[in-house]
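Trainee: Mind docking chain C on chain U? Use the hints.
Line by line, the protein sequences give chains U and C.
Counted the way the numbering used here counts, the first sequence spans residues 1 to 303.
Counted the way the numbering used here counts, the second sequence spans residues 1 to 794.
FYI, nobody ran anything at the bench for these hints, they're computed from the structure.
Fair warning: there could be bad hints in the mix.
Said to hold, decoys possible - In silico EDC-like cross-links for lysine to aspartate or glutamate, where the CA-CA straight-line distance does not exceed 20 Å:
| # | chain 1 | residue 1 | chain 2 | residue 2 |
| --- | --- | --- | --- | --- |
| 1 | U | K91 | U | E106 |
| 2 | C | K788 | U | E283 |
| 3 | U | K91 | C | D595 |
| 4 | C | K695 | C | D595 |
| 5 | U | K250 | C | D719 |
| 6 | C | K656 | C | E331 |
| 7 | U | K121 | C | E734 |
| 8 | C | K779 | U | E286 |
| 9 | C | K234 | C | D67 |
| 10 | C | K695 | U | D125 |
| 11 | C | K788 | U | E286 |
| 12 | U | K143 | U | E106 |
| 13 | U | K91 | C | E575 |
| 14 | C | K14 | C | E308 |
| 15 | U | K76 | C | D595 |
| 16 | C | K721 | U | D94 |
| 17 | C | K576 | U | D94 |
| 18 | C | K127 | C | E29 |
| 19 | C | K695 | U | E122 |
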Amino acid sequence: METEENTSTVFTITRGSFVDGWGVRTTIFLKGCPLRCKWCCNPESQSAAPELSVTPADCTLCGLCRDVCPYLTLEKSGPVVDRQKCRNCGKCADVCPTNALAMFGEVYTVDRAFNELIRDKEYYDRTGGGVTIGGGEATLSDKFTYELMKKLQEAGVHVAIDTCGYPVTPLALKILEQADLILFDLKGMNPERHRQDTGVDNEAIHETLRHLGALGKEIIIRIPLIPGHTDDNATLRNEAALIESIGTVKRIDLLPYHDFGAVKYQQLGKPYKMEGTQRLTEERVEEIARIFRATGIPTQIGG
Amino acid sequence: MDSKKTFVMSDRVKQLREAVLATPEVCVERAMYLTRSFMETEGENIVIRRAKALAHILENMTVTIHDGELLVGTTTSKRRGSFIIPEIQWEWYLNEMDNMSTRSWDNCQPIGRFEREQMQKYLPYWKDKCTWDKVNKEWNDTVLRFNGEIFMTHTSSMSGQHFGHIAVDYPRMLSRGLRDIISEAKSDLARIPVSPDELRRHTALKAAVIAMEAVITYAKRYAKLAADMARDEKDPKRKAELLEIARICEKVPEQPAETIYEALQSILLLYFALRIEAYAPGVSLGRPDQYLYPYFERDIANGVIREEQCVELLEMLLIKMNDLACLMSTETVEFLSGFPTLASITIGGVKRDGTDSVNPLTYLLMEAERNIRLTAEEFVVRINRENSDEFVIAACQLAVEMKGKIKFISDETTIAMLMRDGKSLEDARDYVVLGCASPSSAGRSLDITAGAINFAYILELALNDGKSRLTGEQIGLRTGDPKKFASFEELWDALKKQIEYILSVAVCSRNTDRLVYAENVPAPLHSAMLPACFDSGLDIVNVGAKMCATESHGAVGVPNVADSLAAIKKLIFDEKRFTMSELIDALDKNFEGYDALHGALLHAPKFGNDIDYVDDIVGDILEFASSVLDRYEGIAGTKHTLAAMAGTGNFVMGSKVGALPDGRLSGKPLAEGGISPSQGKNTSGATASMRSVAKLNHTAISGGSVFNMRFNPEAVDTDEKMRKFALMLRTYCETGGFHVQFNFLSAETLRAAQADPQQYRDLLVRVATYSAYFVELSKQVQDDIIVKTEFKEV
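If we strip away everything but chain U, and leave its shape as in the complex, we get (with noise of 0.2 Å):
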């Protein structure tokens, strides 16, 4: 028998929010993800354990972190770590009195993070919302996403899975299988440039995809559409077509590309691959938009 927990990194929980699903939801969103999208907004989901975030403009220059972190030095800007050495354990977070170290995820116990998003319960009830995992990727952390799922639909929670379309385990499978709602992400259809843009190969996702349609799974897909990547219009049609050729598919969810996440990316001393890249026009959204709604499946900007 398992005596070691079952645990994932959450690197954070929205509650009443608004998207991600049908109602109001919460999302729990895990570290770690298989895939690695250049335009990733979440560069903080990919690693699964906890990292150090560094924001230089909230330090008071206090000097409390040097006492407990030999890798990290104290300049007139604010903390500078070695990102070599740092093991991301966390010590300077937990002397520093503002948010200038702190750390992205956090260890939870399918337990913890149960008792907190079963708190909502009301909400979602009364508004047909439900509880989202995401991430990162939710099947990645396979154990804990399941008896999390299990739980919370035991106590009559709605769950939906945001997934990357990547499971890697049967395990990761049957959460989608067994999910209320699916949210499901395409990131182009030309296989050469999906595994240049996320590390992976689409084919095994497409192939999770139709098994999911196959088993009459409710299917909202999810679109990032990112310039020079995924937005010309010969993969729009053909994602269009692979979605019409589903039959489960509730809904589709443009995401334009934004550079919220950027300043993730300095937290984290990590370069930030898509500077320069500019946002589509709403104009060309709209144009985006009209060949998905060609497909009679409800389409709509943002999620």
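Mentor: Same frame as chain U, now just chain C:
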């Protein structure tokens, strides 16, 4: 009817609206005629004197009908005027006469020569006669020391206002007409009064007749003016309108109203007279969609009026409510800034029989407000399970368009609160909300806010052996050296002792004030318009238990106190990471040199995040304070209740309090609203904040509470999201919440957030799959969002 139907403002409504957007002007007519009358009636019974004074004002004040008006009457002689209430306070008007146009809050136009002369001539008459002068002589040294230190606007005298925090029985007046009520009074007066009660009622009825006749005279002055103007009017259309105004003002409010137009004019004339008689920010129109509906329904069925015409009249009514700007002394205005007129209109909820009260007129009132959206008229939306989603969504949509002006109130919670204070189920169902957020039964109760008490200050006393940290003055009880508190319970006991002491002084202060009011400023017209007063002969200033009257003491800063206690409990007594001694030293030094402790305090659990550890402490404080107030009796059996309301007083009250263990720095503002989480501390999402507030026992704050939430308008930018928002609101109302008001952020507020991120940490950016707080975005991205918000505002 189709709730999506919208109405375009007519040019004349636009012009009338524009005219009341003016900077307020001081009008001396009320003060002048009131004083002249009082000079002539010395020696007579005060109830009669007050009635005669009202009559003298209504017989002599300027009457004007402006171009395009269909509803007539004014509160002052100015387009947007401020009157003077010298029988409450007189001196400050003279002291501040020169700076009223230049002071930092609520400026009016420079006072004209005529006004200055009259003020100098008449106001000194009130020396030692006004309630403020009288009560100051009655109060003991302790009360005097607390005023302006721990108490703000704590009594009606201190805030310079009457007891006009009420919705009178408009339906009774509309259906009977004043003449019929006068006849009843006169037939009762024909009997010989024998018992003390009968003798008292005899005087009250005499005064009531004088006051009601005065309102009729006031209406007939308008009838005459309209008829005179009609004679000279060249435009046949306007001439016909003026003749109609003349006909209506000749008829109402003397006789029963028979059409919606007559009914609106009737209540409006009475409304102005009530304001002139005994004003406070809170003279309310009650539930007009309820009592006006029979007239509306009949008129629509008979083809007497079309919906568009009705909306135009309603728009004119709302504009008229804005003809008064409540002028307050600098001392008071810090607490209630923005010329708060708080002329509330309550819609939604259920009828007295428990069925859905929403009708087509409710929607038309909302449409009128959608166009007018001025500051004086307050819309309170009651939310009941019986109300349709369609109605709640329409109200939410209106709130978004108004950027948050609409107040939402839970019927379930409020009805329970009112029944706790002794109201019957039917009366409780027929509640309205007055002033900031005080629930009251329309026409059947008198629920006044007694003012505000600085609870953060009380905590400071418990943490400083009864002394102010800023002045060192011994204000509270000596409850021991806080550095020696060995357990959380010792601190809690010290706090309870301080609360008991401060509240006993508050009740003393308030009861003294109420005695002075009972003797000096009765309001015979108000009393005639309330069956309980009319039947008993008790004036509203002395009606007490007969009307289940309450006065609520507004607790300010309770979230700060709870956050502070939670931080102490966790860091000092649970985890033992710091000592009481370190904490007190840090507070004395305003955290300078105590970065680690300060950081830990800031990171401790905060109210508004659905954390029971701290939320329960808020509940404990409120329940304890409420139980203390329950021990006391008010004048004439009035109940003392607790409220949680700060007005704008969280700034001035914050300036009196040193550093607090919640991490707040010395002198900084306290939590706003009353029961709103401390600025920027509720970072766990909307439902978490709602649950924190809804889990409180609101019957312990039956005087009402204010919970403000911030939303980015883009959170509700589609119909689907708006529906979710409305259902979320319903859940809050159905699970124990009381009040909530949503502030939909403008670009301006977002700029403020950019400049002062710590105060706005709760602003979520709601984009699918993405999670972040606005203040954590880069400046460039923030600018982008601001530009987008601005674009949508245009």
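Trainee: If any of the earlier hints don't hold here, list their numbers in rising order.
Mentor: Per hint list: 4, 8, 16 violated.
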